[in-house]
Amino acid sequence: MKVPWSWLSEYCDTGLEPADLAERMAMTGTEVERVVEAGIADAGPFVVGRVVSVEPHPNADRLRVCQVDDGTGTRTIVCGAPNVDAGQAVIVALPGAIMPGGMEIGETELRGVLSSGMICGPDEIGVGERTEGILVLDGDPTPGTPASEVVPIEEVVLELEVTPNRTDCFGIYGVAREAHAITGASLAGEPWSDWDPGTDDECSDVVSVSVEDPADCLRFTARVFTGVQIGDSPAWLQARLIASGQRPINNVVDITNYVMLLTGQPLHAFDLDLVPGGELVVRRSRPGEGMTTLDGIERDLPEGTVLVCDGNGPAAIAGIMGGSVSEVGSTTGSVLLEVATWDGPGILRTSRELGLRSEASSRFEKQLHPALCDRAQAVAARLMVEVCGATEVPGMVDVFEHRDPERTLELRSGSVERVLGMDVPVEEQLEALDRLGFSPRPSPDGIEVTVPPDRHFDVTREIDLVEEVARISDLDTNLPATLPSGEGHTGGLSREQQAQRRTEDAMRESGFDEVVGWSFTSPDRIGALRLGESDQRSHATAISNPLSEEQSVMRTTVLISLLEIASRNLARGIGSVRIFESGRVYLPGGRTGEGLLGGAFPGGDPAPLYEPQVLGALATGEFRPGTWASPSIEAGFFPMKGVLEHLAGDLGLSVDVIPGAEPFLHPGRSGQVTVEGTGIGWIGEIHPLVARAFEVPSAVAFEIRLADLASASSVGDEVFREIPAHPAVERDIAILMPEEVAVSAVASAIGEAGGDLLEDVALFDVYAGEELPDGRRSLAFRLRFRAVDRTLAEEDVKPAWDAIVASIGSLKGELRG
Amino acid sequence: MGMIERIEEISESAQEAVASADDLSSLEAVRVQFLGRKAELTGILRGIAELEADQRGKVGGLANEVRQQTEELISSRSAELEAAELELSLVADSIDVTLPGSPAAPVGHLHPVTRTRRMIEDVMVGLGYRVVEGPEVELDYYNFTALNHPPDHPARMLQDTFYIEPSPATTGGDRGPRDVLLRTHTSPMQVRAMEASPPPLFIIVPGKTYRRDSDATHSPMFHQVEGLAVGEGVTLADLKGTLLAMLREIFGPDREIRMRPHFFPFTEPSVEFDVSCFRCGGSGSLDGGDRCGLCKAIGWIELGGAGMVDPNVFSFVSDAGYDPDLVSGFAFGFGIERIAMLRHGIGDLRLMFDNDLRMLEQFS
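If you're matching them up, the sequences are chains R and L in order.
Position one of the first sequence corresponds to residue 2 (the working numbering), numbered consecutively onward.
Position one of the second sequence corresponds to residue 86 (the working numbering), numbered consecutively onward.
Bound-form chain R, shown alone (with noise of 0.2 Å):
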């Protein structure tokens, strides 16, 4: 909302610079975008002057040599304005001028003439549109007034940031009513006062408008107006409507333009001649129907658009756009004006269909009030007749079926400080709410008020009357800071947030970088991951309205996004990329894992998809740097296996990888992840053709569901063991074993056969060489045999130890040598 100074200082004169108010306005709710200084930044050599004569120039066909008299004498001026003429009242920029693009007007010699200072045109001066022309002012103004007194060259606009609740603040009025409350300045009467449209019937003569749906038209209101002399508009309404950010158009459609401003309220003119029988029909759209709007774009109109009709068909898109077909044009003699009240869910709705909103529709979809309607009717009226020199018919049509009563509240005595915590003076709830327009008087309880029609839908509660006095209680200096008190105070994190932290912190340790990738990703990327058709993670639920295609499903793993910052970091030339990325998936909905993890999120419905955290993680290119004393190590499957290995040792938990393939994975060097007999997850090299889609050379990557980490973790709830009091016994063991079998079934068929004694198995050599029969391996490992109660000798192992080779037997190994 673009507030001019001068028009604001009509109804209330602060007295404060623009700066000042535009502070006080942004401590009370209404921000100020800016402070513009529209127009003339120097108004000072800027003058009324007289033409006195004007003469063709000698050298130049379209030039006339003009003598001004600018007040202190008569000066020279060369113009090229076809419509200057002597003995008009015009504005004169003499030299040292700045006009508002830099130009400085000095003394030139224009084909041989001398000329000092220009004479200026509406547009040049940031007072109306451009013409031709030069502004010829109205009247008889004295030369070397300053030209600042007879137009507003020199104009302060306030852009407001008005919220939308605030309707009232639409309007400049409503904006010099919140001056005056803030700042206690007096304020001026409304100008829609006093007004009576007459009752004799003259108006229902002519006009007859009819509503089929009291529910889309709360009021409609029209008057008409004959003899109406079509024109551009005087400078003064030109320039506020320039200020405010229109266009000025004739004087018929600036007038409701400027009503429409000035109160909050929007108009639409009707040129009367051009609707038949002057009948106007309120109605929804039926299938097929368009029209020409006046922007002059033929519409297809979506089924049920609120419409004004005439005889012939739609007239006008109800509170959004008027009609080409009767529009006020330079041929206009009578004037049929609408105020109406529409239904603002309807407007909003409409005009996101048509994709079409106007100053008009932002106003009427915030919901106006429908004593609005007389407001303007009062204003425009007025205007009509000292603008465009139109007599007003008596007496205005009115559909106006529901009537709300006025809306009165009580503020309590106590319920402002039960709220804010503050106390303020009955005597100060009193003065904020009248300077508000609230006409409050004492109650019994407390205060009883009246809601203003401009605030009928924004304050319909005791809060918020609490509102309207905080805001303007200077709640910044005075709101004192306290904590609550009370119960319910027991903060913490949960246990499996304290397990997400660990799990990253793990990562972090392990030399990852943290990612934070696009929650969204293409349909070609899911594409790109060879996923079959009941994979659910290729069923990525789909964006409606996205910004563009690469952002238009929802990532199903967090994959894809690992692979897309890789790519790019490799692209900028970073050699090794080691990142994770702790986030979430989205999957299609029906089930959800435990806790918050895990997507079971509070609340009486569930969450619409299935969104578990994950934690994924992915390395190309050196995994550990070599230095000066070791070699590097690429990035592999068994360098990120203990990563993974280390993060959930971290949980105090072993993870174990089983074979098993995804379609993105290498199909020989990959695994699925499982803790405790449970599937968490995958962990592999990138199938070749995925990491090409994705211009990644090569990379390792684990992604796995932290839910069921965290569930399974004992972090907080080990439990002590004894340590041992005797003494353990060592035993090697080298196996030679066909290639096929998995170390991971040597490994515990030995903890099987190996019995209670057998306290640990681990692997410390595996040997394939050309020595070796072809097909096997040497696979060493060490065996610790304890008692808990006594010291073993040799032959309380050997039982076990022959279980041991015996189980190694079936499965097709032997002794090595």
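If you are wondering where the hints come from, they were derived from the structure by calculation, not from laboratory data.
Take the hints with a grain of salt, since some may be wrong.
With the Cβ distance kept under 7 Å, some of the chain L side facing chain R (calculated, not the full set) [to be verified]: (1) Leu136; (2) Ala138; (3) Pro396.
Quick look at which bits of chain L chain R covers, simulated, 3 or more residues with Cβ under 8 Å [what the hints assert, rightly or not]: (4) 193-199; (5) 209-215; (6) 304-314; (7) 336-344; (8) 365-374.
In this text the structure is predicted, and so the values were computed from the model without any measurement.
Each residue gets a CB set at the ideal place from its N, CA and C atoms; glycine is no exception.
Assemble chain L onto chain R, guided by the hints.
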């Protein structure tokens, strides 16, 4: 020369010899010379029995004493020489301590958003709040309707919303539109948390949020922290004190807070809150008189929105025990990235999700 004098002479020369032995082998030679089988003192001790009776005691005693003394001298000199020799061999065995450590143990880094989120969580946990999280893909009901944004209310236009299609879930008819969307704020968890637990309730909700907007100061995905405190007698002054305590932990003990009235559909009264600039101390200008660029010379930095929970919001959770006549509460919300950017001098929001390792590795 008598026997006694001779023994004293031997003692003196033994002391001199031990002192002048400068390595272990010459010390060994000294030992052989004075204490060995062929040594004079050894001979004297061996011949005691042949002495006259009145001489035996005296000579024998002195000779034994000198022998013992000499042994001790040699032993202590030996330890000295050994230590000196070890020192020499250690010095000869030195390494270049300026070489880098090996093997390398690379240091990883947490994302600035995570570091900042944890800091905020820790501060609020200290003030007695629990941390809860909610769904990012949310029902319209929680994101809008139950937060006092009725259907087709213009307040919904304040936030450009991503919608999910087709709706994978539906809700009852009186619960507003059935749309599923990406939550535009962390506020939906206010309602979910109240549905799940009766008052008093003190929670914060960190998490990802989404709005359909992308430029240097807007990202379609960003992070917020929501705070909600509901109990008996909770006031706007309590909100001010809580925010002040939090901001001082984050930005320093000298910070002040400013609350400007504002409008949010789910709080009443509503405010926006600012913290006094930690670079210029709130004066708007730096020590040299230059304009403070951080706060744009205003002295205050805008951080977020807050207010007293609107009674209409409580009406959506009245079944869970939230009666606006008995309890009151405040809520606040702000962006995590903004805090991180302010604290670390990061100018462009887009850097936060670019994940350039050269940026991330600046934050330990």
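Structure-based check of each hint:
1. Leu136: 61 Å, violated
2. Ala138: 64 Å, violated
3. Pro396: 6 Å, holds
4. 193-199: holds (count 6)
5. 209-215: holds (count 7)
6. 304-314: That given contact holds, which follows from 3 residues of the region 304-314 of chain L lying within Cβ reach (below 8 Å) of chain R.
7. 336-344: That given contact holds, which follows from 3 residues of the region 336-344 of chain L lying within Cβ reach (below 8 Å) of chain R.
8. 365-374: That given contact is violated, which follows from only 0 residues of the region 365-374 of chain L lying within Cβ reach (below 8 Å) of chain R.
Of the numbered hints given earlier, the model fails hints 1, 2, 8; all others are met.
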